[in-house]
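There are 2 protein chains.
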Amino acid sequence: MKIAIIGVGLIGGSFALALRRGRGDVHVIGVDRDAGALEVALQLGVIDEAASAEATASCDVILLAVPVRQMPLVLAQIASTLKPETVITDMGSTKQDVIAAARIALGEKISQFVPGHPIAGREHGGVACADRELFEGKNVVLTPIPENTAQAIEWVSSLWHSCGARVVEMPAEVHDGVFAAVSHLPHLLAFALVDELAARPNARTLFSFAASGFRDFTRIAGSSPEMWRDIALNNRDSLLRELTAYETRIAELRCALESSDADALEAMMARAKQARDRWMAGDLDGFRGEAV
Amino acid sequence: MKIAIIGVGLIGGSFALALRRGRGDVHVIGVDRDAGALEVALQLGVIDEAASAEATASCDVILLAVPVRQMPLVLAQIASTLKPETVITDMGSTKQDVIAAARIALGEKISQFVPGHPIAGREHGGVACADRELFEGKNVVLTPIPENTAQAIEWVSSLWHSCGARVVEMPAEVHDGVFAAVSHLPHLLAFALVDELAARPNARTLFSFAASGFRDFTRIAGSSPEMWRDIALNNRDSLLRELTAYETRIAELRCALESSDADALEAMMARAKQARDRWMAGDLDGFRGEAV
Numbered sequence: 607m608k609i610a611i612i613g614v615g616l617i618g619g620s621f622a623l624a625l626r627r628g629r630g631d632v633h634v635i636g637v638d639r640d641a642g643a644l645e646v647a648l649q650l651g652v653i654d655e656a657a658s659a660e661a662t663a664s665c666d667v668i669l670l671a672v673p674v675r676q677m678p679l680v681l682a683q684i685a686s687t688l689k690p691e692t693v694i695t696d697m698g699s700t701k702q703d704v705i706a707a708a709r710i711a712l713g714e715k716i717s718q719f720v721p722g723h724p725i726a727g728r729e730h731g732g733v734a735c736a737d738r739e740l741f742e743g744k745n746v747v748l749t750p751i752p753e754n755t756a757q758a759i760e761w762v763s764s765l766w767h768s769c770g771a772r773v774v775e776m777p778a779e780v781h782d783g784v785f786a787a788v789s790h791l792p793h794l795l796a797f798a799l800v801d802e803l804a805a806r807p808n809a810r811t812l813f814s815f816a817a818s819g820f821r822d823f824t825r826i827a828g829s830s831p832e833m834w835r836d837i838a839l840n841n842r843d844s845l846l847r848e849l850t851a852y853e854t855r856i857a858e859l860r861c862a863l864e865s866s867d868a869d870a871l872e873a874m875m876a877r878a879k880q881a882r883d884r885w886m887a888g889d890l891d892g893f894r895g896e897a898v
Numbered sequence: 607m608k609i610a611i612i613g614v615g616l617i618g619g620s621f622a623l624a625l626r627r628g629r630g631d632v633h634v635i636g637v638d639r640d641a642g643a644l645e646v647a648l649q650l651g652v653i654d655e656a657a658s659a660e661a662t663a664s665c666d667v668i669l670l671a672v673p674v675r676q677m678p679l680v681l682a683q684i685a686s687t688l689k690p691e692t693v694i695t696d697m698g699s700t701k702q703d704v705i706a707a708a709r710i711a712l713g714e715k716i717s718q719f720v721p722g723h724p725i726a727g728r729e730h731g732g733v734a735c736a737d738r739e740l741f742e743g744k745n746v747v748l749t750p751i752p753e754n755t756a757q758a759i760e761w762v763s764s765l766w767h768s769c770g771a772r773v774v775e776m777p778a779e780v781h782d783g784v785f786a787a788v789s790h791l792p793h794l795l796a797f798a799l800v801d802e803l804a805a806r807p808n809a810r811t812l813f814s815f816a817a818s819g820f821r822d823f824t825r826i827a828g829s830s831p832e833m834w835r836d837i838a839l840n841n842r843d844s845l846l847r848e849l850t851a852y853e854t855r856i857a858e859l860r861c862a863l864e865s866s867d868a869d870a871l872e873a874m875m876a877r878a879k880q881a882r883d884r885w886m887a888g889d890l891d892g893f894r895g896e897a898v
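If you read the sequences in order, they're chains A and B. First residue of the first sequence? That's 607 in my numbering, and the numbers climb one at a time after it. First residue of the second sequence? That's 607 in my numbering, and the numbers climb one at a time after it.
Only chain A is shown next, with the shape it has when bound in the complex (with noise of 0.2 Å):
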């Protein structure tokens, strides 16, 4: 099987790994606008080859593993070689986009287009941290489009299947909503803490004080600022009910506080222990909705 990773990071590169364990007939193409990561990719034999976008015309499967908002540009290339047998596949963080763009890039050929998301990711990107086992145990989204055959979809689960995650399938605007609530909010809120206080007069001493709380809470703002630009920029409908949700709720805790309401205070942080603890425990009986 030959397989081409357009972008040639973390994520792209552990799917080569955990692809190279899972199988052992892959043969990887990377592609990258950054030269240094196709050298360290190959050093480190998550690549056996590096080349241009044009050169994946040749393969059974095409990954994008770019930030979304190169999706565009990336389809562009790739769509007039494209073969009628050749699957795409992407692992962006928002869907609905990435399915508007690959369908006016690839016109009629969108049936070859499988959209994807790993749940997988680590606040440090770049193919030095590729791990062969990110994607052990994670849930992927897939989302698929009506064009989709059932064989297309069929192919990019069994490759994630062979990655060691668990495929799960939603429609895109569903997905979109979900990780604007769980992911692309939290990310937005700790990026916007540490820049609050790093722009403070007092910043050294703030930052000389904050402890473990403060490192996990804000783990996350140690991300690609590239890569979460892209993801608000390409989620913003989702992403800002998200935050006006969110403020909401914090308006009602500020009206609790400056109206010293014990009881209002302890019944919110006790519902979210309590639900966080649950949640934590792999106890998803007790939240309301449906099973996936």
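Keep in mind that the hints were calculated from the coordinates and are not lab data. Certain hints may be false.
Since copy identity is lost for identical chains, a pair holds within one copy or between any two.
[Unchecked claim] Okay, derived cross-link-like pairs now, SDA-like style, lysine to any residue, Cα gap no bigger than 25 Å in a straight line: (1) Lys744 x Ala817; (2) Lys715 x Ala758; (3) Lys744 x Asp822; (4) Lys744 x Arg810; (5) Lys744 x Arg825.
Chain B: place on chain A using the hints.
Then chain B, alone, in the frame of chain A:
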């Protein structure tokens, strides 16, 4: 040395264990409203003896490790029998309020009270989690009052040094401002996010796809609701100032997002990432303000 620990939970229990290791000659009396906690503390060898608050009269040191809104009650209980040679310190996360309560309860004996706050904790409380290494290499902030003798301050410092901690002094109002920013606000924000999402009709789906970023961002929402309700209320003014600053920052972010201002978003994220990376590397020299 005879020491009384009032509030035998994670912090009080860890202090007892750390002190036992640091010094050989310690006899620990435990006081707690929860008889079960005292039973566990006796079984684990955290305390040597369970007693009532009045029994602390014979101790060299009394350590208050209760939620901050319990401080007035506990201080009142020990005040009448307090001997002049006994030193009192506390482990409360807020300081101006505890000092005010101590002034009322202790009257002229206020000089015996050296306010303190160890910057260490875990989201799981209770004496069963007590860990003699909890304070190893951690900061302990003392916020001495004018009435304290140098000897009393030195005495409390030496206890903390025996526990492996680093002792820093600052005024109580500075303490309360700093920790509102780097600890109390993040706790409030984490509780609020979990509570917001758990209340949704699709909560089960949301929590099914929440991953490691969400886990770390919300770790502190697993903390004790009683403890954090007390901290929020007792540091209300500083916390409201922080909440206002954060709401303003979030509103700016909303504007950038609404106008799809890619440069503003990326710049904010890049500043935050740079600050956090620098902090994680232990490099505080690039931050504004003076060394502590």
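Comparing the hints with the structure gives:
1. Taking the shortest Cα distances, Lys744 and Ala817 sit within 25 Å of each other only across copies (9 Å), while inside one copy they are farther apart (29 Å).
2. For a Cα distance limit of 25 Å, the shortest separation of Lys715 from Ala758 inside one copy, 12 Å, qualifies, whereas the shortest one across copies, 79 Å, does not.
3. When the C-alpha separation of Lys744 and Asp822 is checked against a cutoff of 25 Å, the pair qualifies both within a copy, at 20 Å, and between copies, at 16 Å.
4. Only between protomers do Lys744 and Arg810 lie at most 25 Å apart by alpha-carbon distance; the minimum there is 17 Å, versus 38 Å within a single protomer.
5. Taking the shortest Cα distances, Lys744 and Arg825 sit within 25 Å of each other both inside one copy (19 Å) and across copies (20 Å).
Checked against the numbered hints above, the structure violates none of them.
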